[in-house]
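Please take these sequences and the hints and turn them into a complete structure.
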Amino acid sequence: MRGGSNVTPALAAEHGLTEEEFDRAVGILGHTPNVTELGIFSAMWSEHCSYKSSKVWLKTLPTTGPRVICGPGENAGVVDIGDGDAVVFKIESHNHPSFIEPYQGAATGVGGILRDVFTMGARPIAILDSLRFGSPDHPRTRHLVSGVVSGIGGYGNCVGVPTVGGECEFHRCYDGNILVNAMCVGIARADRIFYSAAAGPGNPVIYIGAKTGRDGIHGATMASAEFSSDAGEKRPTVQVGDPFTEKLLIEACLELMEGDAIVAIQDMGAAGLTSSSVEMAGKGGLGIELDLDRVPLRETGMSAYEIMLSESQERMLMILRPGSEIDARRIFAKWELDFAVIGRVTETGRLVLRMNGEIAADIPVEPLVTAAPVYQRPWLRHHSEPEIDPASLPDRDPFECLRCLVASPTLASKRWIWEQYDHLVMGSTVKRPGGDAAVVRVSAAGKALALAADCTPRYCRADPVRGGAQAVAESWRNLTAVGAEPLALTDNMNFGNPERPEIMGEFAGAIEGIRGACLALDYPVVSGNVSFYNETNGSAILPTPVIGGVGLVAIRDVVDLALKRDGDALILIGETNGHLGCSLYLREIENSEAGPPPPVDLAAERRNGDFVRGVIRAGHAVACHDLSDGGLLAAVAEMAMTGGRGVTFEPLPTDLPRNAFLFGEDQARYIVETADPDTVLEAARAAGVPAHVIGAVGGVALTLPGAGAISVDALRAANEAWLPDYMAQA
Amino acid sequence: MRAVVVIFPGSNRERDVCAALALVIGREPVRVWHRDTDMPRSDLIVLPGGFAYGDYLRCGAMAAHSPIMHEVRDRAAKGTPILGICNGFQILAEAGMLPGALLPNRSLRFTCRDIHLRVENNQTIFTCGYAARQTIRVPVAHHDGNYTADPDTLDRLEDRGLVAFRYCGPDGDLSEAGNFNGSARAIAGIFNNSRTVLGLMPHLENAVDPLLGGTDGRAFFEGLVGALQ
Chain A
1 MRGGSNVTPA LAAEHGLTEE EFDRAVGILG HTPNVTELGI FSAMWSEHCS
51 YKSSKVWLKT LPTTGPRVIC GPGENAGVVD IGDGDAVVFK IESHNHPSFI
101 EPYQGAATGV GGILRDVFTM GARPIAILDS LRFGSPDHPR TRHLVSGVVS
151 GIGGYGNCVG VPTVGGECEF HRCYDGNILV NAMCVGIARA DRIFYSAAAG
201 PGNPVIYIGA KTGRDGIHGA TMASAEFSSD AGEKRPTVQV GDPFTEKLLI
251 EACLELMEGD AIVAIQDMGA AGLTSSSVEM AGKGGLGIEL DLDRVPLRET
301 GMSAYEIMLS ESQERMLMIL RPGSEIDARR IFAKWELDFA VIGRVTETGR
351 LVLRMNGEIA ADIPVEPLVT AAPVYQRPWL RHHSEPEIDP ASLPDRDPFE
401 CLRCLVASPT LASKRWIWEQ YDHLVMGSTV KRPGGDAAVV RVSAAGKALA
451 LAADCTPRYC RADPVRGGAQ AVAESWRNLT AVGAEPLALT DNMNFGNPER
501 PEIMGEFAGA IEGIRGACLA LDYPVVSGNV SFYNETNGSA ILPTPVIGGV
551 GLVAIRDVVD LALKRDGDAL ILIGETNGHL GCSLYLREIE NSEAGPPPPV
601 DLAAERRNGD FVRGVIRAGH AVACHDLSDG GLLAAVAEMA MTGGRGVTFE
651 PLPTDLPRNA FLFGEDQARY IVETADPDTV LEAARAAGVP AHVIGAVGGV
701 ALTLPGAGAI SVDALRAANE AWLPDYMAQA
Chain B
1001 MRAVVVIFPG SNRERDVCAA LALVIGREPV RVWHRDTDMP RSDLIVLPGG
1051 FAYGDYLRCG AMAAHSPIMH EVRDRAAKGT PILGICNGFQ ILAEAGMLPG
1101 ALLPNRSLRF TCRDIHLRVE NNQTIFTCGY AARQTIRVPV AHHDGNYTAD
1151 PDTLDRLEDR GLVAFRYCGP DGDLSEAGNF NGSARAIAGI FNNSRTVLGL
1201 MPHLENAVDP LLGGTDGRAF FEGLVGALQ
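Sequence lines, in order, name chains A and B.
Okay, so the first sequence: first residue is 1 according to this note's numbering, each after it adds one.
Okay, so the second sequence: first residue is 1001 according to this note's numbering, each after it adds one.
Wrong hints could be hidden among the right ones.
Computed, partial: chain A to chain B, Cβ under 7 Å [unchecked claim]: (1) HIS138; (2) LYS247; (3) VAL425.
Some residues of chain B that are not near chain A, with every Cβ distance over 10 Å (derived) [stated by the list, open to error]: (4) ASN1012; (5) ASP1055; (6) MET1097; (7) THR1124.
Simulated from the structure, these hints should not be mistaken for lab results.
Built from N, CA and C at the ideal position, the CB exists for glycine as well.
Given below as structure tokens:
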């Protein structure tokens, strides 16, 4: 029957399979694949689904810990938060689709990550978004910002899950490849987690959700190649989202999950029915037979190839216990969703697809999954940049520099973005967007989660190892700064073409840095996503390993960054060496991206962070902020702008150039506002943590001895104006 | 007192309003599914926020024709108080139970933020928890909250004291700056003629807990429950 296959190595190459990969597929099948089988191999062995370039590196990451219930490999990571509850979370990219069609690309990115979380039995309670766009001067940037933000809002607002945080940066290296990373966090009972491994030969395989159409065919393959200038022609590979159906799917699945009908469940994400059925069968060590004539279709005349590779949204695959179909069908009928028995679990270990009375494909699952190619791609270690001597830089008016920095695209307020997201629905948002971390209540007893997404790509380019470690450390710091105990993280590794050794070197370095920081901070990786090929015509993005962090905090302990009381002291925690290499100051004021990023001393991170958390929990801090982009003066300005109060600084130390002290980006630092500086300083001495008073809260301006003053209102106006003004320009 | 919250497919702020009512009443309201035609006896019917049926057509247009709306209309005619919040207000307007319509915000963007409201008429079951002309700070979260009606209708609403809330500045001033979504005469909420039906865009239910950013909505629910008990 398949003797007549007209699949050639050339057609395989068009599907993104190398000659060697094609030969391997032929060897597994024992004959030349038909076009449906070719499509399945190409999707499963795409970079997007197989992680073939990253697998050897990802395996080195620490993924376990006393609280970890489920690490990477399932739809999302699961971490115990006590009292029988678990937090379920993951971050995922939708970079390529969002560049081609920003609204739908971003919207379906949110939809996909929501499904990853509720598939595991969790109710989604928060979304975060990490966004990177090209230079503000690039002609497409405004259109992309507008489309992505309304796409995220359009989806998240409608499903009724609050978008509580994230980050947004601009750099010309993203001109041809924007980054849209969406993170979802959900809550489940720790003993009611649902997994994807098929079990029980004979059990029915159920298709639920929206109907299958021709949208998004080969999205996974599209996302596994770099763009050339014809990116716009790829629009038909982008899927279209329907948040209303997603909302119904969430409610229907969670209702069904209250019973014990489900044996296994998997959402249909990239490569749709192909990857969901193959992964379920593969994890269970079993086979699956599907009758494609029973798949609910939106269009007529779809081939087996199209049905298997469609990436239509809002669909799931389930394996049910025998006899539970009637009850399950009733729940889906109530929510007006398709429910179709489309196959069964078998003992054959093969994926067998039937259509029109014929066998459309027959592939052994185990080699399809385990014989997927794994590459030890060659990589180059990055050369470190020479240090920047701060004394070699001009001495500039610090407040003029500050005004410039707070109005720069990196530090400018992102209110224009997050006000378009419903960040309050579900009535649990304790700390709204705009702070170090968002805080969301998860129990009436006052338990809450702190959530943040972080990365400093310019550091990662200058030194991938340090940059990777810094991203983890900053995430950990942001959670600590609101009083939380960091639990675990999810990583979204956004890089260029891994077939280029220098890009693979960036990836390997970032992984090494992340690994070291995770180990030092007891902050394991429980889920993640890799997005390669973020390049256009050979020009790659900055290496961008985004870290999505989750921490646990009692609501009574939560602090934010707003200055609270005149007369309080501001204490700087951590050591200041005036490191200006790779800093925001250097880029925005001196127009240079030179120098190495600041060293990351993980022992100091740990010591200083644990100390600050202790100070917060002891009730000695009424506000706290971590130091990052723009250093000390930017951090104090953010505290002042948020709280609407001024600060009078102590005389500056004389052993460093003024602006190196004020704008240096040394790590492991925080500012704490306290009414009781003596207690905090004494505790710091006892803990061996550097701490000193840098100023006092009061007035309506920032005042520096020898440098005059700048009004907090003026700073806020500059900080708030940039993004709305930019977006209002035609 | 017994409150009923109607759930449409796509409702998403039912939890929020149920929590606010439970806080004041002491027990959870009854949730009624949109397909139910048999509404339990109740002292208050709430149409919560969300995107009923996805709102891919005009907001509230499909929900206004849902089977449960016949029952809501009957109960309203018999005097049962009806509260429509955000999407609920849009549904009441589309169902013709309140005059006017909700257009896209002036910015053409979804907007979620705290805003200020001035209480225009506190002589009703809904607003009796507030002082006359009191200014409160509560959140909004909508894309289509720009209230509009013909000038005669607007005059009638004003003359009969049927304007419940207006958007205003922090000091209660009715400047254009406070009218963030461009509503006609800065109207944020209106009553029907008998002042037993209220539709409003802001989410008072998201302002009842000091841990969650404010408590200015609490007096609304306390006043309402007090009046109905």
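For which of the previously enumerated hints does the structure constitute a violation, in increasing order of number? Numbers 1, 4, 5 - these are the hints that the structure violates, sorted from lowest upward.
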